[in-house]
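Student: So the protein lines, in turn, are chains A and B. Taking the working numbering, the leading residue of the first sequence gets 6, the next gets one more, and so forth. Taking the working numbering, the leading residue of the second sequence gets 24, the next gets one more, and so forth.
Honestly, the hints are just simulated from the structure, not real lab data. Treat the numbers as computed from the prediction; the structure is a model and nothing was measured. Think of the CB as a built atom: it goes at the ideal place given N, C-alpha and C, for glycine as much as any other residue. Incorrect hints may appear among the rest.
Computed, partial: chain B to chain A, Cβ under 10 Å [said to hold, decoys possible]:
no., residue
1, 38
2, 40
3, 42
4, 46
5, 72
6, 74
7, 138
8, 139
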Amino acid sequence: MSELSVETREMGEVSLIYPRGFINAHTVRLFEAEIQRAVLAKRFKLVVNCAGLAYIASAGLGAIMGAIEEVRENGGDIRLSELNETVRNIFEILGFDRLYEVFPTEMEAVLSFRSQGS
Amino acid sequence: MTEDPPTFRLEVPSETRFLGLVRDVARKMAELSGFDDATAEKIALAVDEAATNVLEHAYHGAGDRVVRVDMDQGGESFCVDVVDDGDPLDPARLRGELDIPGLEKERRTGGLGVHLMGRIMDSVTFQRAARGNVCCLVKHKRPAPAGR
Numbered sequence: 006m007s008e009l010s011v012e013t014r015e016m017g018e019v020s021l022i023y024p025r026g027f028i029n030a031h032t033v034r035l036f037e038a039e040i041q042r043a044v045l046a047k048r049f050k051l052v053v054n055c056a057g058l059a060y061i062a063s064a065g066l067g068a069i070m071g072a073i074e075e076v077r078e079n080g081g082d083i084r085l086s087e088l089n090e091t092v093r094n095i096f097e098i099l100g101f102d103r104l105y106e107v108f109p110t111e112m113e114a115v116l117s118f119r120s121q122g123s
Numbered sequence: 024m025t026e027d028p029p030t031f032r033l034e035v036p037s038e039t040r041f042l043g044l045v046r047d048v049a050r051k052m053a054e055l056s057g058f059d060d061a062t063a064e065k066i067a068l069a070v071d072e073a074a075t076n077v078l079e080h081a082y083h084g085a086g087d088r089v090v091r092v093d094m095d096q097g098g099e100s101f102c103v104d105v106v107d108d109g110d111p112l113d114p115a116r117l118r119g120e121l122d123i124p125g126l127e128k129e130r131r132t133g134g135l136g137v138h139l140m141g142r143i144m145d146s147v148t149f150q151r152a153a154r155g156n157v158c159c160l161v162k163h164k165r166p167a168p169a170g171r
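With the hints as constraints, model all of the structure from the sequences given.
Tutor: What follows is the structure, given as structure tokens:
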């Protein structure tokens, strides 16, 4: 597995971001760039599907934090799905699980945007 | 940790591409110390964060320096010293509660790594020693008794 690859797919108004590998200070620019690409395209409803994410260091959490204000100011959100145990633990240690919506499946995360009508 | 030789010493250039190696070695050493997989993963993350701090705040991105990681797993605790010869850590980075919404509003993301290290390890200390700046991370192999 390479250190990190990031793909984005679009499902209606929602952009699905798929990081595969690990996010640390070395790889974070790629992840950050993919979030910024969506924001610049004025796509503010983002789901980060973490199924392929082995672990995330604070640099990766910082990339989410750095974009969240602009995303929410524009009626969107960054939601997460399919966290493995390692990534979920890291979220819980810092209390991110209380500040960001986390879903067991990608589809639940996508549908959460529809159910709020935003 | 004393100046006794460590169980394992890793020296890597001060480049982010070596962080994955530091993390992998730290995880393996934590496993050899008897920690379960989940705890070993967390310890490895704490060591990754300490090394990242060195690259960003001691060496300010310079890639021609050395980060030394000494690991001692022989006693009742797993001890990791992350050593550099760059600028000392600003003590202000160690103060204050983690305020994620506040950081988001200010578009700042700093300080997360130090908080992660503190919440994962039993002890995190920063010293200025003859051998350089030392970030000492300690995880007890058995939980400390309640009330301590």
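Student: Next, verify each hint and record whether it holds.
Tutor: A quick look at each hint next to the structure:
Hint status for residue 38 of chain B: holds, given a least beta-carbon distance of 8 Å to chain A, under 10 Å. For residue 40 of chain B, the suggested interface contact is upheld, since its CB lies about 5 Å from the closest CB of chain A, less than 10 Å. The interface hint given for residue 42 of chain B is met, as the beta carbon of that residue sits about 5 Å from the closest beta carbon of chain A, less than 10 Å. Below 10 Å, beta-carbon pairs count as interface contacts, and residue 46 of chain B has one with chain A at about 7 Å; its hint therefore holds.
The beta carbon of residue 72 of chain B comes within 6 Å of a beta carbon in chain A, closer than 10 Å, and the hint placing it at the interface holds. Below 10 Å, beta-carbon pairs count as interface contacts, and residue 74 of chain B has one with chain A at about 9 Å; its hint therefore holds. Because the smallest distance between the Cβ of residue 138 of chain B and any Cβ of chain A comes to about 7 Å, under 10 Å, the interface hint for this residue holds. Given the 10 Å rule on beta carbons, the hint for residue 139 of chain B holds: about 5 Å separates it from the nearest Cβ of chain A.
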